[in-house]
Amino acid sequence: MARRYDSSTTTFSPEGRLHQVEYAIEAINNAGTCIGILAKDGIVMASEKRVTSGLLAPSKSSEKTYKISQHVACNVAGLTADANILIDQARLRAGRYEYQYCEPIPVEQLVELVCNYKQAYTQYGGLRPFGVAFLFAGYDEHYGFQLYQSDPSGNYSGWKATVIGSNNQAGKSLLKNEYGSSSSSEEEEEEKEGEMKVEGAATEEISMPDVKGALRLAVKVLNKTMDASASSSEKMELYVMSLENGQVVHKILNKEEAQKVIDEVEAEATPAGET
Amino acid sequence: MSILEYNGAAIIAMTGKNCVGIACDTRLGAQAQTVSCDFRKVFQFNKSFVGLAGLATDVQTMNNLLTFRKNLYELREEREMTPRVLSNLLSNLLYEKRFGPYFIEPVVAGLDENNEPFLSGMDLIGAPVYTDDFVVSGTATGNMYGMCETLYKKDMEVEELFETLSQALLASVDRDALSGWGATVHIVTKDGVISRELKARMD
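Top to bottom, those sequences are chains A and B. Quick note on numbering: the first sequence equals residues 1 to 275 in the working numbering. Quick note on numbering: the second sequence equals residues 1001 to 1203 in the working numbering.
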């Protein structure tokens, strides 16, 4: 019965669903995983690189992470061609706001502008929706570091930690248990008053990890969601946004730095496993 | 008085040996009345400098517009804009307003991708001129052309270029009522930018 109502974006089904939008979301569930984690002093975004051929000529610096402006970056899951359009839009809107007000665009406003653009393709024109989900990481002086997820419907929400792309449910459930627990940060162990260090225990108050802890957590989650059994720095892209001298710094970890984090995660895992 | 002379300005850019220098006065006036003595007209874009002489509101607007376009370029192309490209962009932006122009006469100075000096000057509708010695713009161009022609030598080192630029600018603006009231000089080399404030006649 759904078939009659699923070929047009602009028609509701009798159950009140927009099938084209849902199918677009399905397309993203086949794409490389992207994980975003909010830390005390920054944001970490880890993604699975799905480079299909060694013959591919290197073009841009990344297939997953894109800088939108000095203070906002995003990770992409889905149809790259669709993503390019939206990223260009985001860059233009951020640039125009800064041109008009001589200050950086508040992160949520940028996300909402991109999402409103996406929403138009679910309501007018008879065009299909964009098959892309984004993780936006940004910093502004009003709300500090923020992480947003947006999907083809034009919906967006702010997160402390989230996953998009393939196996995102597995990733999200792992994050739910691990994020904010004392095992994800070394420094916060001293801050916790009278709490026993129990791995994976649900705490009443979610305490944010620092960037180093967030990186390790991201790699841990990515290990779980990736198809390949062995994790390597070639398949992962680790991006960190942080503040240095009041300026936002974007950094994609190079091979050595990424490998270091992967090794740290592996070392953490082995004592808990078999001897 | 022409609209280009309403606020007053003086800008000189010169090439040296593997370096370029650009200097500007810092006066902002409303015809005869001086309003500010720290209104800078030279703006940095990585290894290039753009000097904007003319109506102050257009100076500020063009600076914002160029910043916007430079940022967009860097995001899309993942590399820095060379001075030649910046000059072409500026020329294009000005011609877009051919029949309602921005009242500015800009100057572009910088080091290109091979660290070779680059200079260009433009009129208010974007007609460029490329030179290998110096370009001037503003309300004291007559004075500045004379000073530059006399004092300029090829292949000056950084310190000598600084001296030449400074003397040429100071002498020119002292004979012009609409420019002066302070001066700033920037010298660009492959190792970085040296910026200095000049002690000028504050009249």
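Derived by calculation from the structure, the hints in this document are not laboratory data. The structure displayed is predicted, hence computed values, not measured ones. A virtual CB, placed ideally from N, CA and C, is assigned to each residue, including glycine. Be aware that a few hints might be false.
Short derived list, chain A residues pointing at chain B, Cβ under 10 Å [claimed, not checked]:
#1 63
#2 88
#3 99
#4 156
#5 157
Some chain B residues close to chain A (C-beta under 7 Å, calculated; not the full set) [stated by the list, open to error]:
#6 1018
#7 1072
#8 1075
Double-check residue 156 of chain A for me: the hint is only fine if its C-beta lies closer than 10 Å to a C-beta in chain B. With Cβ-Cβ at 21 Å, over 10 Å, it is violated.
Let's test the interface hint: is any C-beta of chain B closer than 10 Å to that of residue 88 of chain A? With a closest approach of 8 Å, the residue 88 of chain A hint holds.
Is the interface hint for residue 99 of chain A satisfied, with its Cβ closer than 10 Å to some Cβ of chain B? 4 Å, holds
Against chain B, with CB atoms and a cut of 10 Å, does the hint on residue 157 of chain A hold up? 26 Å, violated
Closest C-beta approach of residue 1072 of chain B to chain A relative to 7 Å, hint status: Holds, because the Cβ-Cβ distance from residue 1072 of chain B to chain A comes to roughly 5 Å (cut-off 7 Å).
Can the hint on residue 1018 of chain B be confirmed by a CB-to-CB distance to chain A that is less than 7 Å? With a closest approach of 30 Å, the residue 1018 of chain B hint is violated.
Interface restraint verdict for residue 63 of chain A against chain B (beta-carbon cut-off 10 Å): 13 Å, violated
Under 7 Å, Cβ to Cβ, is where residue 1075 of chain B needs to be relative to chain A, so tell me if that hint holds or is violated. With Cβ-Cβ at 5 Å, under 7 Å, it holds.
Checked against the numbered hints given earlier, this structure breaks hints 1, 4, 5 and 6; the rest are met.
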